[in-house]
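**Q** Read off the chains here:
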Amino acid sequence: MDQDQLALRVSNGDEQAFRDVFDMFNKRLLYLAREIVSDATLAEDIVQEAFVKLWCRKETFDNLTAIKAFLYLCVKNACRNAYKHAKVVDKYLSRQETPVEDRVVLVKMIEAEVLDGLHQAIEKLPNGCKDVIYLGYFAEMSNQEVADALNVSINTVKTQKLRALRSLRGFLKDLSPGILLLITEIFYR
Amino acid sequence: MIQDDHIDFEVAILIGKYLRNEIRADEKRELEAWRSAHPDNAVLWEKMVNADYIGGRLSEWPDETQSDGLWQKIQASTKGKIKYPANERRRLKLVGYAAAALAAFMGLGTLVYHLGEQPPHQYDAPLVQTPEPPVSPAHAVISNVAEASDITLIMGDGSIVTLGGDPESLQEADGTRINETGSGLTYAPSKESTSLSPVMNTVITPAARTYHLTLADGTRVWLNAGSTIKYPTAFNGNERGVTLKGEAYFEVARDPSKPFVVMTDKSHIRVLGTRFNVKSYPQDGMDRTALLGGSLRVSSLRGHHSTLLEPGYEAVVQEDNDMSVSKADAKKVLAWKNGLFIFENESLESLTEELSKWYGVKIRFGDDEVKGYHFTGRLQRYEDIQFLLEIIAETAKVKFTLRDDILSISKVQP
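As you go down the protein sequences, you meet chains P and W in turn. So in this note's numbering the end of the first sequence lands on 189, straight run, no missing numbers. So in this note's numbering the end of the second sequence lands on 603, straight run, no missing numbers.
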């Protein structure tokens, strides 16, 4: 299998393969860590550490799922440790008695996985569409602001939104009502 | 402490498949099993199919610059001598984790059961056993043609279009363009549309589905489940009139020269430009009009009552055309629009009435005592009633049995 080939290359010390694995997983891990520790710098440290650990033990992995699980667990454990540490520091939090529950983290992991899939779907859109979606939706700009930012006419923005709507729909086939709403929102803003 | 280190990657894949509608029947069952295995799973599930939530989360997604910066750092620590970042290096800033994250997880889907507590109920719906509500002509037509689970548009010439599917563009006889996005309709009147007899359109929602409309004047309408709205494709007269059965929230585009009028079978609501919610289900036996901004005049149709409503208040028009005004809780009024049920010290009887409206089931109590159980809490309007019933059953000694659209409720014997 292609993916396990990648794992093998990593275990043989192939740096390009390591970079590919990094590209594949770093965003989900960053997302997860940030969600749990609510501190961007700390989250980056945690993810960095996970990849460094992976590189140190690269020989022990023969498939990609194992690598993925390893990275997630590193992040999860580091978050828990960070939390425990912070708990001692912060009296208020220690009074609350709200440990980083495995369930909460587990659920966040699944969320990170699903979001990653959606994000990849959006990434596959043609460039013009993507810009419009990123500015219009993620940066919450109005059609006019997007038009100004991209130096195009407002009609172009509208057309691109429509195109994005169509291609995203094509990609996601028959959408569930929820995601449909999201796309409609993008379309309307 | 025993750690559960199993990560459910399979579930994430299944959810992804569900969102892309590529899921097989057996996988769907697997997903259902996962969903009902734990309340947290169900909460996550509801989030994953909620567009607002997903949109918000995706905007938090790490971007390329962050990834690149991180890669530089990783390279720096793996090149040369590989060293773990020393533990002290992780200077901990405050971890503001607790409140927000946990609140997000616990906030929804919790329900408090008030044992034995039965405070006076201020405005309980009169317990009159109303016969089957009269069926409007529109409903009569629909039942033959469309699936009961479809959102339906009846066009001016009587043709029927199923909404909520693929985006499409329709054209009315008067030239009006109607764009459907899958979750809403937008009307763009043609410039020549000055036909004297207005072309009327009707949208009908089934149980458990809502829909959104942007009318020709720019007024936005959110239509709740089990509702019907009738409106012209262009507002040519000196009034903008629509007819409503069921519940809708309006954000009326301001036009002082052309009042916007909502007609129900009991009330007549007249505004210039404002935000308000009208609840007029036949089975309720009363109309509730709640004003959220601007000003509005409600009149009872057959009586001669009329009142100018202030924001934050609601007018109740009873079956006998008696009218009263009371304070409205905006959060509760708009809960349906935000996909929530909000119950505050609500008896099981009125709670299940609400459920029966949304899910289109009939309620049968096997025991009068349970009717008086009271609940407080917020619940998502799950597509599937079964799940919601489980949550309620978890908090009280009540047993639900759903068979052929009849929900039987009985007491669990200790």
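Everything labelled a hint here was simulated from the structure, so no lab data went into it. Treat the hints with care, as some may be off.
[Unchecked claim] Below are the EDC-like pairs computed for lysine to aspartate or glutamate, each with C-alpha atoms no more than 20 Å apart in a straight line:
{"id": "1", "chain 1": "W", "residue 1": "K262", "chain 2": "P", "residue 2": "D62"}
{"id": "2", "chain 1": "W", "residue 1": "K600", "chain 2": "W", "residue 2": "D557"}
{"id": "3", "chain 1": "P", "residue 1": "K53", "chain 2": "P", "residue 2": "D2"}
{"id": "4", "chain 1": "W", "residue 1": "K551", "chain 2": "W", "residue 2": "D593"}
{"id": "5", "chain 1": "P", "residue 1": "K124", "chain 2": "W", "residue 2": "E253"}
{"id": "6", "chain 1": "W", "residue 1": "K262", "chain 2": "P", "residue 2": "E44"}
{"id": "7", "chain 1": "W", "residue 1": "K262", "chain 2": "P", "residue 2": "D20"}
{"id": "8", "chain 1": "W", "residue 1": "K526", "chain 2": "W", "residue 2": "E542"}
{"id": "9", "chain 1": "W", "residue 1": "K206", "chain 2": "W", "residue 2": "E216"}
{"id": "10", "chain 1": "W", "residue 1": "K262", "chain 2": "P", "residue 2": "D4"}
{"id": "11", "chain 1": "W", "residue 1": "K262", "chain 2": "P", "residue 2": "E15"}
{"id": "12", "chain 1": "P", "residue 1": "K124", "chain 2": "W", "residue 2": "E249"}
{"id": "13", "chain 1": "P", "residue 1": "K124", "chain 2": "W", "residue 2": "E216"}
**Q** Next, verify each hint and record whether it holds.
**A** Evaluated hints:
For a cut-off of 20 Å, the pair hint linking K262/W to D62/P is broken: about 25 Å separates their Cα positions. With a C-alpha separation of about 9 Å, the suggested pairing of K600/W with D557/W holds against the 20 Å cut-off. Using a Cα cut-off of 20 Å, the hinted pair K53/P and D2/P is violated, with the two alpha carbons roughly 23 Å apart. Taking the CA atoms of K551/W and D593/W, the gap is near 9 Å; set against the 20 Å cutoff, the hint holds.
Proposed proximity of K124/P and E253/W is supported: the alpha carbons are some 15 Å apart, at most 20 Å. With a C-alpha separation of about 10 Å, the suggested pairing of K262/W with E44/P holds against the 20 Å cut-off. Distance restraint check for K262/W and D20/P: the Cα-Cα separation of roughly 16 Å lies within the 20 Å cut-off, and the hinted pair is therefore satisfied. Between K526/W and E542/W, the direct Cα distance comes to roughly 18 Å. Compliance with the 20 Å bound is thereby established for this hinted pair.
Using a Cα cut-off of 20 Å, the hinted pair K206/W and E216/W holds, with the two alpha carbons roughly 9 Å apart. Between K262/W and D4/P the CA atoms are separated by roughly 26 Å; this puts the pair beyond 20 Å, and the hint is violated. For a cut-off of 20 Å, the pair hint linking K262/W to E15/P stands: about 15 Å separates their Cα positions. Restraint check for K124/P and E249/W: satisfied, since their Cα atoms lie roughly 19 Å apart, inside the 20 Å limit.
Using a Cα cut-off of 20 Å, the hinted pair K124/P and E216/W is violated, with the two alpha carbons roughly 26 Å apart.
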